[in-house]
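Based on the provided sequences and hints, a complete structural model is requested.
Those protein sequence lines, which keep their order, are chains A and B.
Residues 1 to 440 in UniProt numbering are what the first sequence lists, from first letter to last.
Residues 1 to 440 in UniProt numbering are what the second sequence lists, from first letter to last.
A few of these clues could be false.
One copy or any two copies: either way a pair holds, since identical chains are not told apart in the list.
[Unchecked claim] Below, simulated DSS-like cross-link-like pairs (lysine-lysine); rule was C-alpha separation at most 25 Å, straight line:
1) Lys-105 / Lys-248
2) Lys-79 / Lys-288
3) Lys-161 / Lys-105
4) Lys-105 / Lys-79
5) Lys-222 / Lys-211
6) Lys-303 / Lys-75
Calculated directly from the structure, the hints in this document are not laboratory data.
If you want the building blocks of each chain, they are given just below.
Number of protein chains: 2
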Amino acid sequence: MNAPNVFETMQLLGLQARQASRAMARSGTAARNQALRELAALLRANVQALQAPNQRDLARAREAGLAEPMVDRLKLTPKIIETCAEGCEQLAAMPDVIGDIVGLKQQPSGIRVGQMRVPIGVFGMIYESRPNVTIEAASLSIKSGNACILRGGSEAIESNKALAALVQQALESAGLPREAMQLVPTTDRAAVGQLIAMPDFVDVIIPRGGKGLIERISAEAKVPVIKHLDGNCHTYVDDPCDLDMAVKVVDNAKTQKYSPCNATESLLVARGVAARFLPRIGAVLAAKGVELRCDPESAEIFKKNEPLALDGQAQAAIKNVVNVVPAQEQDWYEEYLAPILSIKVVAGVEEAIEHINRYSSHHTDAILTTDHGHAQRFLREVDSASVMVNASTRFADGFEYGLGAEIGISTDKFHARGPVGIEGLTSLKWVVLGGGEVRG
Amino acid sequence: MNAPNVFETMQLLGLQARQASRAMARSGTAARNQALRELAALLRANVQALQAPNQRDLARAREAGLAEPMVDRLKLTPKIIETCAEGCEQLAAMPDVIGDIVGLKQQPSGIRVGQMRVPIGVFGMIYESRPNVTIEAASLSIKSGNACILRGGSEAIESNKALAALVQQALESAGLPREAMQLVPTTDRAAVGQLIAMPDFVDVIIPRGGKGLIERISAEAKVPVIKHLDGNCHTYVDDPCDLDMAVKVVDNAKTQKYSPCNATESLLVARGVAARFLPRIGAVLAAKGVELRCDPESAEIFKKNEPLALDGQAQAAIKNVVNVVPAQEQDWYEEYLAPILSIKVVAGVEEAIEHINRYSSHHTDAILTTDHGHAQRFLREVDSASVMVNASTRFADGFEYGLGAEIGISTDKFHARGPVGIEGLTSLKWVVLGGGEVRG
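Put into structure tokens, the structure is as follows:
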């Protein structure tokens, strides 16, 4: 039983993080940017030194029988380290939002009232495998003036410790407290339970990982959680629609990568264009081996195999659409993260919105249309973190949105929604500037 | 055992609220403003009709032995009803924020990305006594395009039912769903347990009441809670400071009303001005019978009773400062809501900030100073929902801040902080406007 030790370890980490967060909140823009540039330099100077601990993690992972693609994700290659260093430099070059005062307005009483952007304090992050997340999280924490407690995967513990030491060195050399970034030093699972239950020391928890992990953490946490559950993203092909564009965008949304949370998992097609559109997208997806889970109406269209203006290759490919299987109710909820797409024919934009609001995980949903009114209605009524018109759902990403970096993607409505960047790690407090006013 | 009935009642309320929230999200500005003006008219037309149910509540309260000040809070006087009606009209006249798109920016990929303000969906509100809160909550809900489920105090159930009927009539006459505002029809306590545990139907809970109630709800809720715990507000008199202004502001902050959460409960005074300031404010507070819970240094100053430039009345008053009692550690945490003030002498702005960040409830804290640097530091470093310079803490209020109305005051950092108006009942979702872009 080392539970009491874990308790004490985590309490100490929490106390130190809270204290460090005060110093970070006081710190100047220059010091925080210096720490980021210092960290970039240290990462580049330590490409070789990072290999030894990383190799130990890899060896342990292989011994434990981890599949090679999973082992791959643990690797700290020179290229990955350079990407981390560049990320730190990009953050350093971004404007500082801490201390911004927005909406300062004169009130009838004489006082001026506005809101100041301040760090949220301390965030805890729980993540798996890729050790570069340690640098991403630490650098966002530094830029936003927070302190953080990071709990990486046990399979990457040696790599994470080596990276964390560089972060602390960078903080110190910029005159900031080392404890503004702390790595949970133990792989004991009890540490996670402690981390999510210290409201005095930790203001918010950001879990990154499987749905099971996030649901468990959300249920047990005693502080707010920035949740990223699943990405059951929809693309709706409207009537009227530029179908050439729709083929290109749906193809990209589904097949550019299968594993990201912003890949499209469900295709809705307006009845008016279904017979023309489905065979065309079917040909493209069949050529890539995508399984189609179809409602009866779309299945019927694929079966009819109507004459198409397709080139020879696509004509051949459409013959390969043997992979049409009937969709079950569960398919409309599913995040496949695989070459599978559910397909449903709907009457029009209204039914599409209804279907999406019912089955979507509220992550990202898109309409492809040439109708302005339909676009406006979809934007307004679809209740998801990102709602798109004529663009691939794959764009739902902090970098693509211009946030500079992303600590996660929230499927919640509360506080931060969608890609969470620096602002998601801050809060707005009210500031009142008076000249001795009193209330009458 | 009517628990199953309560369960079914609440599930039905939730389902209807969720459906109504979709219609509200779709609704136009004009319809929502019309509902608000209609409600104002109905309130004025029903001043007399509201008296009968209100009298029944009052009679029941008196029978139950409720103290007369508590009975008073239940009263729906013509003046209170008129204030409610005016509140509805003021909200109707305010600009609509729903559908606003902010920060729409062109990205290198070609897409334009911004954030659209949308209703949060359904909020549940749990409150006590004053039936006018029913109108305040319902009108904010209508303006912000949400649906709400309201659970008022059992002592005001008849008044609340009568008011809720008017709200539903106003909604209907504006072509909006009646179910956009529903009152929990039972006084069974199990209903509260249900209301806070329906994440499918309710997006956020706003409790208003005692600290015990709010802590219990926060601990048990399965959805986010906009918490207003306590208001242990500080006023810090800095060195240098305009002491005439400080006497006026501290007097107002403490004594203008004792019961509001934004009243000052703790006075910090810089050592450099303590000997000059404390006797002056002591005289003012003594004249009003305020008990002073003092640290040893401030107690010593009061005892010395140094010569002061006071008028005769104040000279007499200061002799009445018999009410100096030694502060205990617990006093620094206390929200008295009474004619009691804790007082401590500090070295300067740094110690004041440290004390406040340690003991404050993060509600509202003020510095009174003529030093620009001290003011800037206090604004930046005090970790509270409202931070003020040279103003009475009593200004921390949605109306005074220009929010038009206030559904509560949040002492949390997450989502909404400080006075919560319409924007606190909304969320920002990302919108992406493309022209067929795909991700490379």
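The hints, checked one at a time:
| no. | hint | result |
| --- | --- | --- |
| 1 | Lys-105 / Lys-248 | between (48 Å within a copy, 24 Å between copies) |
| 2 | Lys-79 / Lys-288 | neither (29 Å within a copy, 72 Å between copies) |
| 3 | Lys-161 / Lys-105 | neither (47 Å within a copy, 39 Å between copies) |
| 4 | Lys-105 / Lys-79 | neither (49 Å within a copy, 31 Å between copies) |
| 5 | Lys-222 / Lys-211 | both (19 Å within a copy, 17 Å between copies) |
| 6 | Lys-303 / Lys-75 | neither (46 Å within a copy, 71 Å between copies) |
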